[in-house]
Amino acid sequence: MQNTGERRKLIGSRLALARKRAGLSQSQVANELKLPRPSISEIEAGRRRVAADELVMFAELYSVDINWLAGMGEKNVDVMRDKLQLAARKVAGLKQEDLEKVIDLLTSLGSKEDK
78 MQNTGERRKL IGSRLALARK RAGLSQSQVA NELKLPRPSI SEIEAGRRRV
128 AADELVMFAE LYSVDINWLA GMGEKNVDVM RDKLQLAARK VAGLKQEDLE
178 KVIDLLTSLG SKEDK
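So in the working numbering, the last one in the sequence shown is 192, and the numbering has no gaps at all.
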C-alpha cells in the first residue's frame, strides 16, 4: 500500500502524462477546468491533493479512465484507446479538405494491410 505522498506523486505523474498526450498545456487545462494555473502545476508535482470532483474533470478532459488516474487498476493505461480518442478529437477539428486527405490516407493504409 502506498503512503499519501507516493499516491499524490503517482496521480500527479499520470495527470501530467495524460495532459501531454492530450496535447494540452497547463494553462489550457487551468482555463478549461476553471482552476488557477499554479494549482495544475502543484497537482502534477504531487504537492497538492486532488479533490474527487477535480479528478473526474481531469479524466473527462483527457478522455482517460479515472481509475488509472487514481493509481488503481492496471499499471498501464490502454494507450491505443487513448490515442484513438485523441485522434478523434483532432480529426473533428479539421477542415473538410484535410479530413478527406486523412480518410484517403487511412484507406490506403488499410488496403496495404489486406495484401
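Don't take each hint at face value.
Unchecked claim - Cβ pair distances, simulated, as ranges: (1) LEU182 - ALA128: 38 to 44 angstroms; (2) ASN108 - LEU183: 42 to 48 angstroms; (3) SER90 - SER185: 22 to 28 angstroms; (4) VAL179 - GLU109: 22 to 28 angstroms; (5) GLY148 - ASP181: 40 to 46 angstroms; (6) GLY187 - GLU119: 22 to 28 angstroms; (7) LEU161 - GLU109: 17 to 23 angstroms; (8) ALA129 - ASN108: 19 to 25 angstroms; (9) MET149 - GLY187: 32 to 38 angstroms; (10) ALA129 - SER90: 15 to 21 angstroms; (11) GLN173 - THR81: 49 to 55 angstroms; (12) ILE180 - GLY82: 18 to 24 angstroms; (13) LEU171 - GLN105: 15 to 21 angstroms; (14) SER140 - LYS86: 34 to 40 angstroms.
Stated by the list, open to error - Cross-link-like lysine-lysine pairs, in silico, DSSO-like; alpha carbons within 30 angstroms at most: (15) LYS97 - LYS86; (16) LYS111 - LYS167; (17) LYS160 - LYS97; (18) LYS86 - LYS111; (19) LYS111 - LYS160; (20) LYS111 - LYS97; (21) LYS160 - LYS178; (22) LYS160 - LYS172; (23) LYS167 - LYS97; (24) LYS111 - LYS172; (25) LYS178 - LYS97; (26) LYS172 - LYS97; (27) LYS86 - LYS160; (28) LYS178 - LYS167.
Keep in mind the hints are simulated off the structure, nothing from the lab.
Positions of the beta carbon are idealized from the N, C-alpha and C atoms, including for glycine.
For each hint, the structure was consulted:
no.: 1; hint: LEU182 - ALA128: 38 to 44 angstroms; in the structure: 42 angstroms, holds
no.: 2; hint: ASN108 - LEU183: 42 to 48 angstroms; in the structure: 32 angstroms, violated
no.: 3; hint: SER90 - SER185: 22 to 28 angstroms; in the structure: 38 angstroms, violated
no.: 4; hint: VAL179 - GLU109: 22 to 28 angstroms; in the structure: 25 angstroms, holds
no.: 5; hint: GLY148 - ASP181: 40 to 46 angstroms; in the structure: 41 angstroms, holds
no.: 6; hint: GLY187 - GLU119: 22 to 28 angstroms; in the structure: 45 angstroms, violated
no.: 7; hint: LEU161 - GLU109: 17 to 23 angstroms; in the structure: 21 angstroms, holds
no.: 8; hint: ALA129 - ASN108: 19 to 25 angstroms; in the structure: 21 angstroms, holds
no.: 9; hint: MET149 - GLY187: 32 to 38 angstroms; in the structure: 36 angstroms, holds
no.: 10; hint: ALA129 - SER90: 15 to 21 angstroms; in the structure: 19 angstroms, holds
no.: 11; hint: GLN173 - THR81: 49 to 55 angstroms; in the structure: 50 angstroms, holds
no.: 12; hint: ILE180 - GLY82: 18 to 24 angstroms; in the structure: 48 angstroms, violated
no.: 13; hint: LEU171 - GLN105: 15 to 21 angstroms; in the structure: 19 angstroms, holds
no.: 14; hint: SER140 - LYS86: 34 to 40 angstroms; in the structure: 23 angstroms, violated
no.: 15; hint: LYS97 - LYS86; in the structure: 16 angstroms, holds
no.: 16; hint: LYS111 - LYS167; in the structure: 22 angstroms, holds
no.: 17; hint: LYS160 - LYS97; in the structure: 12 angstroms, holds
no.: 18; hint: LYS86 - LYS111; in the structure: 22 angstroms, holds
no.: 19; hint: LYS111 - LYS160; in the structure: 25 angstroms, holds
no.: 20; hint: LYS111 - LYS97; in the structure: 19 angstroms, holds
no.: 21; hint: LYS160 - LYS178; in the structure: 19 angstroms, holds
no.: 22; hint: LYS160 - LYS172; in the structure: 21 angstroms, holds
no.: 23; hint: LYS167 - LYS97; in the structure: 14 angstroms, holds
no.: 24; hint: LYS111 - LYS172; in the structure: 29 angstroms, holds
no.: 25; hint: LYS178 - LYS97; in the structure: 26 angstroms, holds
no.: 26; hint: LYS172 - LYS97; in the structure: 24 angstroms, holds
no.: 27; hint: LYS86 - LYS160; in the structure: 24 angstroms, holds
no.: 28; hint: LYS178 - LYS167; in the structure: 14 angstroms, holds
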